[in-house]
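Fit the two chains together into the complex; they arrive one by one in their own frames, and the hints show the way.
From first to last, the protein sequence lines are chains A and B.
Per this note's numbering, the first sequence runs over residues 1 to 132.
Per this note's numbering, the second sequence runs over residues 133 to 393.
In silico BS3-like cross-links for lysine-lysine, where the CA-CA straight-line distance does not exceed 25 angstroms:
(1) A:K22 / B:K209
(2) A:K77 / A:K87
(3) A:K96 / A:K83
(4) B:K209 / A:K29
Hints are computed from structural coordinates only; laboratory data are not their basis.
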Amino acid sequence: MAPSLRTYRLREVGVRDNMYYKFSGFTQKLAGSWASAAYSPQGLKPVASSEAPPIIFATPTKFASEADTYDYAGKNKVPELQKFFQKADGIPVHLKQGLPDQMLYRTTMALTLGGTIYCLIALYMASQPKNK
Amino acid sequence: MTHQTHAYHMVNPSPWPLTGALSAFLLTSGMIMWFHFHSTLLLFMGVTSILLTMFQWWRDVVREGTYQGHHTPVVQKGLRYGMVLFIMSEVFFFVGFFWAFYHSSLSPALELGGCWPPVGINPLNPLEVPLLNTAILLASGVSITWAHHSLMEGNRNQMIQALATTIGLGLYFTILQAMEYYEAPFTISDGIYGSTFFVATGFHGLHVIIGSLFLIVCLLRQLFYHFTSTHHFGFEAAAWYWHFVDVVWLFLYVSIYWWGS
Numbered sequence: 001m002a003p004s005l006r007t008y009r010l011r012e013v014g015v016r017d018n019m020y021y022k023f024s025g026f027t028q029k030l031a032g033s034w035a036s037a038a039y040s041p042q043g044l045k046p047v048a049s050s051e052a053p054p055i056i057f058a059t060p061t062k063f064a065s066e067a068d069t070y071d072y073a074g075k076n077k078v079p080e081l082q083k084f085f086q087k088a089d090g091i092p093v094h095l096k097q098g099l100p101d102q103m104l105y106r107t108t109m110a111l112t113l114g115g116t117i118y119c120l121i122a123l124y125m126a127s128q129p130k131n132k
Numbered sequence: 133m134t135h136q137t138h139a140y141h142m143v144n145p146s147p148w149p150l151t152g153a154l155s156a157f158l159l160t161s162g163m164i165m166w167f168h169f170h171s172t173l174l175l176f177m178g179v180t181s182i183l184l185t186m187f188q189w190w191r192d193v194v195r196e197g198t199y200q201g202h203h204t205p206v207v208q209k210g211l212r213y214g215m216v217l218f219i220m221s222e223v224f225f226f227v228g229f230f231w232a233f234y235h236s237s238l239s240p241a242l243e244l245g246g247c248w249p250p251v252g253i254n255p256l257n258p259l260e261v262p263l264l265n266t267a268i269l270l271a272s273g274v275s276i277t278w279a280h281h282s283l284m285e286g287n288r289n290q291m292i293q294a295l296a297t298t299i300g301l302g303l304y305f306t307i308l309q310a311m312e313y314y315e316a317p318f319t320i321s322d323g324i325y326g327s328t329f330f331v332a333t334g335f336h337g338l339h340v341i342i343g344s345l346f347l348i349v350c351l352l353r354q355l356f357y358h359f360t361s362t363h364h365f366g367f368e369a370a371a372w373y374w375h376f377v378d379v380v381w382l383f384l385y386v387s388i389y390w391w392g393s
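Here chain B stands alone, though its shape is the one from the complex (with noise of 0.2 angstroms):
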């Protein structure tokens, strides 16, 4: 019976990357069995497959770290430093959009009429429910730090209720998001308007769900006493992200909403 002398983590052989990797294939060749093809059984069985392997990592994680205590210290430090350079990866795939966007609407061409926002284009009022979610995403910024103070302080029940106000103020802006592309006077067809908007917006609202799914994952865990006052990563991780979400939004409001109406 053999026991590590060391703090790190070697991990047990593992399906998950190689299920990963074939389901981002079947996700990729199903996107094109629908465009061309008008096929969807590819397309399923890759975001079912992918679904799996994401739900089954995460849970061999969480039994890894929380079950078999093999999370030390330096371990967390580097699990610290991957969430890190996730969020940074995921900035610069912003800074894309908003590339897209500047370079659009900084010089706008001679077939928008020179100007921005473009001739026949009627701009979302930055006043009415893009402010609402403003201050829904900043709100939910507060909550969220109160749950980790109330963990840090070993409160139980005020963690568990300022965890479900943040859920709820992220699925608020969610709903409120999904009426306004209903409502909305023009779409992602109308021009480089249209696309720049419901690009860099249609991605945010994404990353709103994932953190929204990360935060509720974070609640069960804590609802089951996964979480301890000094040692609750996940919850920090699903923290930063979701202070990422919020001040993407403010980046999103503040050009496209504010100054590009």
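Just chain A, with the same shape it has in the complex (with noise of 0.2 angstroms):
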């Protein structure tokens, strides 16, 4: 026979059957794990359900009419917030609500423009040699 034609066969030694993943939390990708976790992710504890939890603004069973002492901050504005955010005005993002906006930003502008222009005049006078 050809030796070509030789096999081999790989000593199995701690070979897996199959390979498990879990999703790492922290890098959000999957990485590799015993068959343990992929079984049984959430540990040993039972209940919780595998199913992603949906997501949840605010407990589902209040109302915000029946405002009782734990309705926290009002009503969930998020969504019109997203809807005026994203209107498509070539705004960039720092200046997008308007007048407030362009207040801060002259401002912090302004504080920081006309400061340096004073510290590098307070630096140049400061480096003079004092005459006695």
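Following this line, the structure appears as structure tokens:
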């Protein structure tokens, strides 16, 4: 028989039958794991459902109208804000809200640019020798 | 009207990196003006502009993530890496101060009396307020984990209560530590003991304050429904930072308060 048809057999030392994976919450990627983790990914804690929990903004059984002592900060304004900030008007995000953003931006810029000029002058003056 | 056909975040041009860099310049030059010429105007301008920059920059991150939906899974992965690298850089910052402490305390100089604590220093009793502070921070680690699990399970009220508890414990730690500073029988100028003690614990206290502020921002965002049960990286970042602050305290307690007394 030609040598190329010689077959090889791996010595089966510690070979697993299947590959198991777990989802690493830290890197948000799949990583290798043991069968035990794959079969009971939540460890020994039973009852929690393996379905992804529904995305909930607030405890669903309470209506905003029957506000009691646990009604924190009123109703959820995020959907309206999402519509507002996604308006296709070409305005960059730091100015998107209009006037308040502009005022804050101009104040910050004035302070930093003005301050830098003042600083350079002050440093120049401080570096001059004092005439006794 | 063009839409992106990829999952990455191409940020709008932003002025905040420039204002941040200039603010840092003003801050450092302001310190020089204050130390050498007793003038605080530049320092005040630097502090104000850095606070304005931080507020607006992070406000924009919230707008981009929560309102505009730019924080896709791959973008979030980048944010995670960023936070981890930042915390690692802070770890190395503290490593320097622990190095200084161990360098001075493992072979105490002749001028100190050849012993640690040095002659004339009455260290704080580690079993009094420092031990209470340890318990406070450990408890805050538990409450923040409770808050996280409540968030993941969609339990809004419990999340708010647990996060508020964590913040309360952080503030309690800060108040107690401030009182300790006031009552301490030694000062920062009391030789190498004072220097290592107050610089290490002082920077730690500053980090507790920063961490508490981060948690307060998370509490406000939770009240405004920004977090969902599956997407709340801002909270996770705050929790990581808080645990880091806790671990640094444990090292401080064991090394400086306990072994060093």
